[in-house]
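Since the structure of chain A is provided, determine the placement of chain B on it from the hints.
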Amino acid sequence: MVHNLCNNPLKPAPVLGYIFFVASPQLSHRCHIFARQTGIFFSINQLVLNMVARKTVYRILIAGFIFFSFSNNAVLIAQDGKALFNANCASCHKMDQDLTGPALMGVEDRWPSKDLLKLWIKNWPAAVATGDAYATKMKDWSPAAMNQFPNLADADLEAILTYVRDWKPAVAPTPVGGPAEPANDNTLLFGILTLILAIVAFILLQVNSNLRKLADDKDGVWSPEPIPFWKNKTYLGLGTVLLFIIGGVFVSKGAIGLGRMKNYQPEQPIYYSHKVHAGTNQINCMYCHGGAQEGKHSNIPSVNLCMNCHLAINEYKGEQLFDGEGKEVDGTAELQKLFDYAGFTPGQPWDPAKAKPIEWIKIHNLPDHVYFNHAQHVTAGKVACQTCHGEIQKMDEVYQFNDLSMGWCVNCHRESKVQFSENGFYSIYEKYHDDIKNNRLDSVTVEMIGGTECQKCHY
Amino acid sequence: MSNKIWQNFGAFKQTDKHKAAVQDEFQEDLPFDMDDKGLLDSKTPRRDFLKYLGFSTAAAGLAASCEMPVKKAIPYTNKPETITPGVANYYATTYTQDGDVQSVVAKVRDGRPIKIEGNELCPITKGSTSARAQASVLDLYDTHRLRFPAQVKEGELVELPTFEAADKLVMQAMAGLAGKPVLLVSNTITSPSSRQLVAEFLGKMPAGSRHVAYDAISHSAMAMANELSYGKKAIPSYHFDKAEVIVSLDADFLANWLSPVEFAKQYAKGRKINEANPALSKHFQFESIMSMTGANADERYTHKPSQAGAVAAALLGAVRGQKPAVADAAVAAGVGRAADALRKANGKALVVSGYNDINIQLVVNAINEAIGAGGNTINWGVTSHYKMGDDAAMAQAVADLNAGTFGGVMFINANPAYDYAGAEKLIAGLAKTKLKISFNTRLDETTQYCDFVFPDHHYLESWGDAEPKSGHASFIQPTIHPLFKTRQWQDSLLRWSGGAAPVTAATDSTGKILPTVAMGSGNDYLSYLKRFWMQRLGNQDAWDRVLRDGLIVPAEAPVSGSAFNGAAAEQAISALAATKGGGDWEVVLYHKVSIGSGSQATNPWLQELPDPVTKATWDNYAVISAAAAKELLDIDLTNNGDIDSYEVNPAKPVLKITVNGKEMSLPAMIVPGTEKHTIGIALGYGRSAKVGVASREAGQNAYPLTTIGANGMASFGGFSATVATTGDKYEIAQNQVHGNYEGRMEVVKETSLATFAAHKTIFKDQRDALVHDYAKKEGDYRNEGSLYDPRLNDRPGMHWGLSVDLNSCNGCGACVVACSAENNIPVVGKTEVLRGHDMHWMRIDRYYVTDPANPDAVKDVVFMPMMCQHCDNAPCENVCPVAATNHSTEGLNQMTYNRCIGTRYCANNCPYKVRRFNWADYTGADSFPDNQIGHVSDTTLDMNDDLTRMVLNPDVTVRSRGVIEKCSFCVQRLQAGKLEAKKQGRPVRDGEIKTACQQACPTEALVFGDVNDKQSAIRSVREHSPLRMYYALEQIHVLPNVSYLAKVRNTDEVEEVAPAHAEGEHAAEAAH
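For the record, the sequence lines run as chains A and B.
Its first residue numbered 1, the first sequence is counted upward by one per residue in our numbering.
Its first residue numbered 1, the second sequence is counted upward by one per residue in our numbering.
Hints are computed from structural coordinates only; laboratory data are not their basis.
One thing to keep in mind: the hints can contain errors.
[Stated by the list, open to error] Computed Cβ-Cβ distance ranges for the label pairs, DEER-style:
no., chain 1, residue 1, chain 2, residue 2, range
1, B, Asp48, A, Phe229, 39 to 49 angstroms
2, B, Pro554, A, Val383, 47 to 57 angstroms
3, B, Ala73, A, Asp98, 32 to 42 angstroms
For each residue, glycine too, the CB sits at the ideal point set by N, CA and C.
Looking at chain B on its own, in the form it has when it is part of the complex:
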């Protein structure tokens, strides 16, 4: 029986409400008060009409006939040579957050950084970025960043007029500590110069002063286990690209584990298919809830979080040839299959685990040694420095705080009162500490317990360096003058320990940055940094070069292993065997790819980025399985009525979950592929109201559920829980229930590798069938298949096209954020997403492939990036009454905002549901500011602040209310690329113009280019993958310019292949 592909339960069962929802393009009625009788029968439609007419005419007249504003053009007084107004400059810098390091290039337009791109010179990320790095530029312009040094009194800020005055107060306070030591608390400090600086600072502080680093997403157990196994308290480099078999024990390595962008890039290499000789890497995932990485796995097995140790031990046993000793038969079989594959891979295999448990990590080390991964896929020659937090040291420090050991504590961009597992104990310890100083950029959960705050720069205003891996260095240089009265924390430490006043920013009276004449000689961090690197680089030229490139790339060294001591692992196995099973219900805490640990939770782009699996925005929730839904909530997903009451109405039943005496009430989210008795809760939500606007009312804080386990390790899963229903409901803004293909599920195509090998033409047959059915004369479906003559579109010049490889896309969402940043896409807020008013030009549709009878038995999850398909026979174009959308000779479906009158016929007629309507004035573009109040969310208003608006791309129109918008293929980039070529008098080079989504994509799933260029990459992709290439809904003959490559998952199941003919007709019948 063939598999069923579906997006949501309503579609799965074709329920009544789902069918009704499909009927209407838009979720709500027209915004008129009509006594529920329809427009014509309502009481006063004529008078209302006249009122609206009169008002609009008067308003338009008023708005238009007022005086034209006088616009000023104010040139520089002394123009810097390298800046031309209107021409962007690019500066290499580095995104560092929570131990994440990505070498990036900041696009600076007229002095304002407006977009982050990956640095293509970087051998680690190779020019790709994560969604969080893409969104980081918006953090720079956050209205809730602290703007001055201050004293914190009862959670409120008291501004200190100058840094000098503030320094004086701090020095006095430090003198009053009576020789008591100082504690520095940070997340992983990836900067080598800062680590040295911290060490020097501590040297000048009273004896016993120390620095501890912890990470909210802790990898501490890995380093501890490695110390026992390899004698090195470090984390090696991993090479997923060299692994033919990958086994992940709950490691979400594509989203949050260690270095996800690097791994996504590597992982995608093994997922590309050469059609002549189809082969794929094999990915097994053992986990409790459906993670993003799990969604990409070929074979996925679920177990209770408390079983993690048993599964790891069983896998080690199985690799050594024993029978897997796991109770659950399916998991046991999976362990067996994984072990077989690992053994056969001959060293080209890799096992990783995301559990912050030393014993499990020891066992994983033993497995990796047993399969010969060390020296093949694990490189001890280069160590990873992303997550160097030490949970044991942190636990000790917190204990010492409580013992009153420390006189002072300083928080360096760390927020342990929110995201540390022992936050309560830490807060108690702070009360016993005399001097508390924060360098955090917001009045966050930790800062409000402090006495002083010296807000740090944003990284785009900072100097600095980072060492993602041993031997690699990536540099941070400012791209904008500091917006506020802030200071880098390194400067504060230097000032407090050094004496001489730092020359932080050498500026003249007008605020202009002077050339750093004395750079390298002062007591400021910039001089410190330069001295640090000049010792290593030797000369100014080399320093200039590394700043230009943004990094130092070491010579490539061969992959090497490390001597392994197996004794600890053997002890670990027995320790794991002794662990007790959890309760009936278990809670596992996880991180989303968008919000992560929550440090960027105030970023509206990230909040509105839907979770790849649940497609929910703005909230966290209790992820449960379909079976649990039935057991707990009596929702039977085989019953149409139950589906309708759960799904189409977005209010979800609320569950009360109690863990270790701590209660949380969260809405239930049914996710297929969740372990039956596991509840997953995302961390990083429920921030304090003072940190920002976007994070307010966005979910609840689940960090209080985390515990500190053995050796001080923060523990995120396996908690026994009691669950109760509450009878309450809570609305979750999911955005995949909005657009609908009306049952045309052939929009997505996927199969198993075995099927593909057996029936190579499985996808091509479907396309050939169209030729056979509709293009009998010449066999040219494009030209023969309709009344219109598409040859009218064949004009000389460029013809743009995009190819999307469904095998590579892992759903990370970097493209969606990049698109928002590039194209000034408004943030609409939760209330508007709930109404189906989300504005993303690009979405990643998530499809489950399951057994038709059992929605919980997920065989595959397909992520399908969907954006305007730029159809050459576009159905939207010929319904527009004002020709606001039409076709260009370059194959673009053009949308002209100033011509659009908002009939929305185009959106109605779009088979792909990619057109977005500005229901409200999301951008503040209207003449009347009051139009926004009460209509748009607080976050949207915040995004319209003059400060936040600095992030807007000046080359893209800011749309006003009442117009449709959609993907433009980044036409502003196409035009800019063409102009650059014209200026140089040469044709556009292939690959020179990249769309924002393509540039951000870590897996190279997107290829864009000129299809008319015979040498282009897009042409080559299409020509070299004839067996998998397809156009979405090709049978409706809209002739899209976006092509897809069907997904092939690496499983042995050979599926039944349905005859390909007249698929469109069947689908059409089914829809009627």
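Chain A with its partners taken away, still in its complex shape:
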């Protein structure tokens, strides 16, 4: 994993780090962060990843083929069931965990009959009225009464129950850094191979020159005593040039990487999981970061905004949470940290005036000479948050997904298309509109309207 090295404020990799990294790939685990920051060995990583990926694709294709051939129907129902489950049940039920309602795994086995279960779902008081002991027991499972779903048809219920029956806990996702591991081994291998080959070539060269000397001596041709290689100017020169080139490449790459903070993942004062909020609970990004639509900053929500929901939500009941070091995080305890900042005691009225500010650590930092405006991208450009911030809805603790380098910005400006026909602002670009009408142009990129000029970002 990447982030466990970066709990503390990140040090940008010192130049020496790269050299160290090259010298001892077996230590690369510790230096992994540097590699990810700068893209060193990316080509190798990429290669290996591609190989792995290709195999996986084949497997999936084969599996898919078999699956589709034999169980087409089941797939359809299960899919319907999933949709129905998400639409109707998921807000209160999980498969493997008690939420507002009980965990549903094996629910059919627990109920005396499937029909009674269906009746319960459609109209639970009716099920209780039958006098069934289990139904009566379930009535008191929680003080919160279950919703009734009279509109669900029998087939729908069947689909949902099938989905529940077939549901399997997801396999723990492969760690992000996982597939990269073989790359390091290969690097070592390649390195050793190169070194062996170099030594062999060197020995051969030495042998060659000694043999020539011997042959010359034999032929009686005078030839100078071979110069030992540590005194040979050609070797020394070549070595120096080689070192200079290698050193230069790494120094310049290192210099370019200075101040770039890709994968920066500081430990925040509260373990706030975007995955839980934006992923599991599907809260719109703009609910908290509404400033991104209006102005320059995508604001960090104020404490009162957190408390809009957390006045009611006082404990964490979702999936287990882990921090960067793999330790389990107690969500409810983290919520308590928020309440401490807010000066809130659950169950009592809250006075916002008593709140203390939370000192979050800023992850995405741009140099002062860069002007970046969120509204320009989010509102005018309709760019998804994830384009720059990565799949934030899957991150527990946020890390910097892109390096935020100028090259990265400019590339996007070259490739991205503006909302040309959608936004009335661009109506003044009559020439481009004509060109589009006459099929001389299919779209307008940011670059075409001056999006790569200096004073779009530097002023």
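Leaving out everything else, chain B in the frame of chain A:
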């Protein structure tokens, strides 16, 4: 013979030193120790080079490889709904200072006011501002503002822990006055609620307590004269826009007289030219030194200050048909011409006078009645309330102080120990007064004689109101929580007279301002203010509305005159006839447009703003004429050697001037158009060292020369003086000797109205000649005139352009300060201006138009705002080795600071000299703070204080040492405007985006917009003025995006028109 246009004497005579100075782009050599042998021949260039190289590499490595700082992002705990971080809020408020009232809008970014704009709803200023109003936001963050209530002991502050404790001490002291009355001293209080509050306060004080108001720039004689002439002790409204003939007797109405911003706006209306039917208002100026208003006049006559009365009386006589009885033939002729014009104007004429002399003002009233100005250009239906100071009452109060009448005296933002004509007497009176309290914001000249100081809020932290004219109201609301432990003076008075503790700022434990629940009911000034206005407005909605708009606008009433009693004027004429002439040399004291009375002298932006006429910063000096220079200093401005010793080396000879036994030693500044034997000295300089950093060592205090004349009127001119040379020299930082056009004086174009009427195509012919000479094929000079193909720049979208009307620009400098505020332009201080390191992105070049033989005979003064011209064929762009400056598709010449490596090739290659280089770390942006010490001025260091830095515009990069910067057309505003349009899904509306200079300009001289928009104002200006429109130095084919409208002055002289062809070639030859 055609006129000569010139900027300085060296250019006028093409002296050797001037020519040498023109050769070098920068005034000094490279900053290396080189034994004067040049870089390569010096002793250790290689070692030095290695040292510098090694150090820079090590420093860069050190700076870069240190830990990245951890940055925090701390959100609100409870975000106010109306605030979005990074999005500015605008609050209507009012700038009030020394009786100046301007309705303004404060731009507040993340809780900090950072820029002042004019309030466009205001019918008086119509959205314009003065340089001082623009600069006022910096005063808020002044490091020398007093930060707590204190006792003053021997000129030092002893902090009082709380206002409660301080109040207790004051109440005790007041109880110990044994029934002796209290005196309140202020400048004009423009706030109606405060005037009522003062009256109520005095009612609760011992009998005999009173309030006197005086103004440093006194208009008291006008009100007194009006009382005699019209029976009203008031000042009417003036309508310069309705006047076709304006005669000013030393009234600097565009800079400091009564309501200069209002008048500048009105005056500019009459100066705009409709080319189809060219007509202009006619402006006569009679004065002693070249004032800013005088510089804008069509006809200007100089007389000795002591002759002012005679000139006024002669003008009255001439208007009545008599022969002007003035000794000086030129002035007599001028009076005659002015009188003729006044009579012919049929009531559409106006005479104003800046003399604080009742007799002169009575005569002016008589002239205005004689020409029918009352009810036409003078409106008695609406009176002006800017300057209500009463010099007679003030003189009486000072006399009473000396008589020991008062037990206590309080100074409400007034500093009479510095700026009152009878300051010495006042200080003597203070010694006889037991309790002295100051509400001033600094430990100023008056406060240091006081016992207590209760510092007032800055206006951007205050509640309040102002009544600039009868019926008009403008409101003050806080834009920031008070930065320091200060309190509005009104609250102090309420507390000391009312009893109950004021609820000044309702805050909770965290310092958050609570909604004013009990507003309107407490004993605090906010409640008082609200009660005051609720009685008039009736309901909460109306109150909310006036706070939002910032003002109350009365219905427009017809202009009306007033019954006139001429008897007093007749007496005045005989009184004036009896006045004796002054001595051989006479001194006149004047106010600069930047510093004014000196109350804002601690403001670095204003100190660095060059005087429009002398172009000098940071100092006052003795203004003398060329003739006086010869007589006193033996400087002959027709002699090249003399010019060189006076001008190129900025140290000026010092004169010792003695007036009424008071001596001042001031450097001499030769200004063409000064009366031969008059010496002009600016007031407002020489502040005490304790008031601030910027005003230290900035000039000398000339207020001791002021006297109190008849009726207690403060007198500013006509003093007999003796003048002697001292042999000393003193450096004055003038900034117009820096940039140079290498003799290309066609950069500015002007002519007389008569010439323009006779030769309508005088300017157009010059442009047509270029087409004829260089674009013979298609007649398209733009595209044909060079090797480059400018069509490469023709891209769809916007193309920004600016038009500058030289007829409207009066040189006031509001734009320069607005530009500094908007674009984080550093203040460099006097030492750096002296070295030619001033950083203003925008300058206003001043050109004299004179007879080629006589530099003193000024026919016209042209003010030419000069900023980056954003050339489409920019010569700076193709010499940059790192492409740090290049062209945008929108026609902007872009400057990218982070790419600039400081070769300065661009500045060298700029024909307009508008590029500025950061010679030192003026902003504190470097990693090493010690880089600043010893290299930048104290003021610059003060500007880098954490407090002062709060004024910086967060949307504009703060530049570091070693990079070039220049006008960006306020690109941050362009980007913000475009974004707003995109968010709303519509094209940018014309006029929606304004540059800072354009927004500040009181005369609408600047028009900015998208040239590709066929409906835009900029396009219309260019299309409707084809005869006057020109591009500066068009013949060099750099294709600027800034166009100018040539100046036309309203004189009858028909000038010789030179053939227009191949002007560029001639100029080029002349330069070689």
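So, going through the hints one by one against the coordinates:
In this structure, Asp48 (chain B) and Phe229 (chain A) meet the distance hint of 39 to 49 angstroms, their C-beta atoms being roughly 41 angstroms apart. One distance hint, 47 to 57 angstroms for the beta-carbon pair Pro554 (chain B) and Val383 (chain A), holds here, with the actual separation near 51 angstroms. Checked against the hint of 32 to 42 angstroms, the C-beta distance between Ala73 (chain B) and Asp98 (chain A) comes to roughly 36 angstroms, which is consistent with it.
Of the numbered hints stated above, none is contradicted by the structure.
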